[in-house]
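Protein chains: 2
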Amino acid sequence: MADRASGQAIGFLMQQGIENADCLSLAAGFVDPDTLPVDLVRQTTAKLLGESVGKSVLQYGTTPGSDSLREVFRAYLAELENDSLQVESLPLNRIVLTTGSQQLLLLVSQTLFNPGDICLVAAPTYFVYLGVLDGVGAKAIPVTTDENGMCPEALDAELQRLSDEGQLHRVKLVYVVSYHDNPAGISVSAERRPRLVDVVRKWSDGQHIFLLEDAAYRELHYDGPVQPSIFSYDLPDDDGRQHVILSQTFSKSFSPGLRVGVGVLPQELVKPVLDLKSNEDFGSGHLSQNVVATVLQSGAYRRHVSLLQQSYKGKRDAMLAAADEFFSDIPDVTWLHPNGGLYVWMTLPETVPTGFDSELFKRATHTDKVMYVPGELCYPSDWDQRPRNQMRLSYGVLDTEGIREGMRRLASAVRAVV
Amino acid sequence: MADRASGQAIGFLMQQGIENADCLSLAAGFVDPDTLPVDLVRQTTAKLLGESVGKSVLQYGTTPGSDSLREVFRAYLAELENDSLQVESLPLNRIVLTTGSQQLLLLVSQTLFNPGDICLVAAPTYFVYLGVLDGVGAKAIPVTTDENGMCPEALDAELQRLSDEGQLHRVKLVYVVSYHDNPAGISVSAERRPRLVDVVRKWSDGQHIFLLEDAAYRELHYDGPVQPSIFSYDLPDDDGRQHVILSQTFSKSFSPGLRVGVGVLPQELVKPVLDLKSNEDFGSGHLSQNVVATVLQSGAYRRHVSLLQQSYKGKRDAMLAAADEFFSDIPDVTWLHPNGGLYVWMTLPETVPTGFDSELFKRATHTDKVMYVPGELCYPSDWDQRPRNQMRLSYGVLDTEGIREGMRRLASAVRAVV
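Protein chains in written order, with this note's numbering: chain A, 1 to 418; chain B, 1 to 418.
Isolated chain A, as found in the complex (with noise of 0.2 Å):
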């Protein structure tokens, strides 16, 4: 299992991230840290272990985690779907906690495959997931995606293509970040959602396809309009099953120090994740669930939120200023326009490789001093059509002013290789 685990991007990256510590990061998924809520954790610390039951959040947990976090969960995600009746009637244990999501879909993926089974997914895609495929044996095959996000018909001309093949029943899952996504800042738009679901549920008449909803950039959502989750599509069918995991986490929209992620599971998957997560650690933090479920209960959160986006928001029109400033005058260069989310995808010439190796990598890093992540990282290593030419920008780390010059660095570079 470990050698499967080994040679991930993100050990390189961050490697380089080590070697490079003089540079200005456009590179680093890290949330900003002025923003991070520490009289709050501190106050609601102090609050927890000055009452009763601050010797229980001192104890052990349970493996699926504190009820009450998974109980005032369930409330805020009926607000969040604006659904109230359905996700409010979600049996609680369905909702599991979990160290940050990545255990989330570490687990799921343990779950669901067998080495040489098949995961469909964005392209391109969360990198750090793509390390999780390897290190299960899985194989990823990338689904054309556009600024709306993965495209139903392609998912089904795909899924068309591994059955004519006879492969279709190595396909376990289709893995999708939802809102905002990392790399690209691209949501999957409201009328793709329930097509989305209706494409899986088509192809699970022999078997039961997956379709993974990583959340994790969904509340932070700065314009333009709220979507609803695919979760919130997924009915049960004519069999009583259901298809769609929902993975969300308090890291990006709170603290990640506290690393508490969250899932909510079709009710077959409740008892085979549990059974994994039983043997890795018994449950996560108990500790930090609490600390979690006392501001999501006092509404501490949803105020925290809000700071946040609009934070966030002035560094991503500072990004996009930055880009419009420095950039709009190479040729071929383009980039996307997010709503919410981290980052900005920005694509050059297809004669300009970004990854590692290439001549921009090395003339940012070393002469202007700045890093980004390389493109080619969020797709599968064994596509040969995977573009070479992009590059992810975060402006998680900087403030505005870091921004702009990490952007001005980076367009110094980029016109010294063009």
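None of these hints come from the bench; they were simulated from the model. Everything numeric in this text was worked out from a predicted model, so none of it was measured. There are no misleading hints in this set.
Copies of one chain are not kept apart here, so a pair can be met inside one copy or by any two copies together.
Calculated cross-link-like contacts (lysine to aspartate or glutamate; reagent style EDC-like; alpha-carbon spacing at most 16 Å): (1) Lys55 / Asp34; (2) Lys271 / Asp3; (3) Lys362 / Glu19; (4) Lys55 / Asp32; (5) Lys55 / Asp39.
With chain A's structure known, arrange chain B on it following the hints.
Below, chain B without anything else, positioned relative to chain A:
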């Protein structure tokens, strides 16, 4: 993977706990709620989040965990080993922080075992680890164990037998809970510690066999001599190799709700374990790690452990006194006298089985309202010679009155079925 992880004893046991919630529990391995460091964690968190480091502890940490905790732990380990020189020169990168020590046990197992590989375990052993071995498809083979812990001669003989059968290449690990073990309260004697390392080294000629020293109960030591770890005898062999993986945890000695475990790995295991952990969660809770670092640095942790030792010693004495009071007139009932840990191991007449399906278990839970852990769970389930007439009795959760009452009830149930 989920299939292999299913059907573990811990699941049955927790279910029994839920179904028999009206029972006094001598089963739960939880720590004493009255000694949880509520005030200390409250003050420490307030301090941490009031300082300039506040933001960093709410941010992502790194996969191996907080440098500050790893540094303070190294100094603390040097103290524990009474041999500061060797431990203080340990490279920091050999220390890995996990979500409780359970995650370390799993990551090491995922690293070392392919399905069909072999792990040698004490008999009895920690039943949750037997579940981990099932989960990775490894076979557990019991090694004769007495009141001085696993017998080196028996380990040597078992390895000889496996070698004779051409199975030596499948042996990857020897698992030993070295201090006041779960379930029997047994410590490996001083004289056997270096000899276990010698046996592992002797049979590592054609391959590399590791010894996983689970020192979870190391600090719950109440009387008798203090032993250095087995790890401390693991000097590099002629090829510079080391064999012992040391696992410790702050769950038993401080707070399980923080989920902070720590492992010291031979150099060659560092990268594979971190590759797996990176896919799992990018690192465990950063806030929790910093809380532990702060109390370990300030000395507050040591004072807390002293209080714990006094409290548990009183409870251990209460359980042994109650055993004398209620069981000494029942023929052929014996029990061990632990110097530490949380458990008393009791053996009934051979004709009295203790399993979930036994008359005794039903009588105890339904009539006398007391729960225990059936001893047979603590042996490999495919071992046809496993004893069926033992019980693990925990004095962790109940107070001294509850312990006495629990033992009174249990004796009543035993008398009824003998």
